[in-house]
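Engineer: Residues per chain are reported as follows:
2 protein chains.
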Amino acid sequence: MRISELSRRGGVPVTTVKHYLREGLLPPGRPTSATQAEYGETHIRRLRLIRALIGVRGLSVGATREVLKAVSEHETDPHQVLGLVLGARPATTNHATAGKEDGGDRPEGARNATDATDAAGTTDADALLAEMGWEVSEHAPARHVVTETLETLRALGVDYDWRSLVPYAALAERTAALDLDQLADTTDPLERAERAVLLTVLLEPALLALRRLAQESESARRYGG
Amino acid sequence: MRISELSRRGGVPVTTVKHYLREGLLPPGRPTSATQAEYGETHIRRLRLIRALIGVRGLSVGATREVLKAVSEHETDPHQVLGLVLGARPATTNHATAGKEDGGDRPEGARNATDATDAAGTTDADALLAEMGWEVSEHAPARHVVTETLETLRALGVDYDWRSLVPYAALAERTAALDLDQLADTTDPLERAERAVLLTVLLEPALLALRRLAQESESARRYGG
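Residue numbers (UniProt numbering), protein chains in the order written: chain A, 1 to 225; chain B, 1 to 225.
The reader is advised that the hints may include incorrect statements.
Same chains, same label: a pair holds when it works inside one copy or across any pair of copies.
[As the list claims (entries may be wrong)] Once the Cα atoms are required to be at most 25 Å apart in a straight line, the calculated SDA-like pairs of lysine to any residue come out as:
1. 18 / 32
2. 69 / 223
3. 69 / 222
4. 69 / 220
5. 69 / 188
6. 18 / 155
7. 18 / 157
8. 18 / 44
9. 69 / 224
10. 69 / 133
11. 18 / 5
12. 18 / 45
What the hints contain is simulated information worked out from the structure, not anything from laboratory work.
Isolated chain A, as found in the complex (with noise of 0.2 Å):
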């Protein structure tokens, strides 16, 4: 196909095509004349998992031509191409921490917080992961999230350490189990990767949104006359 119809079923502006490979985001075609050049079925691919990469997790193009790159080298590896394309930092805000950063008059207690250890050096998130039996590797960033959260808490007077959080990661466990499920019945490397970015990444406001929604429907279950 040409430029335009790759650009058309990829998603993505010619303009930005042509900025891809450039950069070498995506191989070149096979060239038809001085100016032209034939895509395949496999640009596409590698073009919507760009464009999920860059547009919906928020990778630098520099950081998605790393992803890209140790992707091919371990595409029969669903668990580390899963591992290289969701827990690759982003260049702009981290969606899982950006609540933290809008409010410019936080609360003392709040700000600062670091991962404090036990006498054993363990983390609230160690003993959290240690708990549920999950397998996580030690520089996931979401770890000084739930660790972060629980300084926070305490820090404002909420009773709470890593045992409040358990029946909550009962819950995560089974939401994550429905996640992998949606990416069984792709086997293309390159399409579960894509996908494994939308649901992941996109789905993060409609969870919290379904929690505030169930949160009023059980409120006024619970309380409403």
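Please arrange chain B on chain A, whose structure you already have, making use of the hints.
Structural biologist: Same frame as chain A, now just chain B:
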């Protein structure tokens, strides 16, 4: 107590306490001299709720004043109070949609999604809420987040509608029940309102982080070796 102790126990600097007094968010203390006043326990509870609404929930001083006024009018109705403190629109970014605003390079199809309705004028959110049997106000901003997320996923080529969210909504319902359980042991309306804000808003990044950690663990379990 003197203003210095109010500041310490409320977790807010003295200058900020004075600002809240001037703005009428806190009622004046009982004057003990030309320059000093005496404050009580209700000042502390109110100050902590103000701290939660402004510092954590992200409300403006004006919006906080209105919420506090409405809360004191409906103090005996927990459902009203929770709706007031959780439903008010923040002055800055809406946490639930914060993730949508950072990408300068979002995919074409994902821009300017509006709440599409079917022939009967029913949005995806309406259909989902009806299926779940949830009682939720017409104007809850979270409705739009659900509908917009589905629009965005469809625009990006993922075959998704409200039915796809039903299993997630069932888990959100159980999460909300946990949330409400944690308010049950507080009977003072101001304290309960403060705790609702802290647990709802501050747990958001932690719940997303738990999902990420659980995904990694579930991926290792299914595909790891």
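Engineer: Each hint: holds or not?
Structural biologist: Hint check results:
1. In this assembly of identical chains, residue 18 and residue 32 lie within 25 Å of each other by CA distance solely inside one copy; the values are 16 Å within and 74 Å between copies.
2. Taking the shortest Cα distances, residue 69 and residue 223 sit within 25 Å of each other only across copies (20 Å), while inside one copy they are farther apart (55 Å).
3. In this assembly of identical chains, the alpha carbons of residue 69 and residue 222 lie at most 25 Å apart only when taken from different copies (24 Å versus 53 Å within one copy).
4. For the identical chains of this complex, residue 69 and residue 220 are inter-copy neighbours only, at 21 Å across copies versus 51 Å inside a copy, given an alpha-carbon limit of 25 Å.
5. For the homomeric pair residue 69 and residue 188, the shortest alpha-carbon distance inside one copy (16 Å) is at most 25 Å, but the shortest distance between copies (57 Å) is not.
6. In this assembly of identical chains, residue 18 and residue 155 lie within 25 Å of each other by CA distance solely across copies; the values are 22 Å between and 50 Å within a copy.
7. For the identical chains of this complex, residue 18 and residue 157 are inter-copy neighbours only, at 22 Å across copies versus 54 Å inside a copy, given an alpha-carbon limit of 25 Å.
8. Within a single copy, residue 18 and residue 44 get their C-alpha atoms as close as 13 Å, which meets the 25 Å cut-off; across copies the closest is 60 Å, which misses it.
9. Taking the shortest Cα distances, residue 69 and residue 224 sit within 25 Å of each other only across copies (20 Å), while inside one copy they are farther apart (55 Å).
10. Taking the shortest alpha-carbon separations for residue 69 and residue 133, neither the intra-copy value of 31 Å nor the inter-copy value of 47 Å comes in at or below 25 Å.
11. Taking the shortest alpha-carbon separations for residue 18 and residue 5, only the intra-copy value of 13 Å comes in at or below 25 Å, while the best inter-copy value is 63 Å.
12. Taking the closest pair of Cα atoms, residue 18 and residue 45 come within 25 Å of each other only inside a single copy of the chain (16 Å); across copies the shortest separation is 59 Å, beyond that limit.
In summary, the structure is inconsistent with hint 10 from the numbered list given earlier, while agreeing with all the others.
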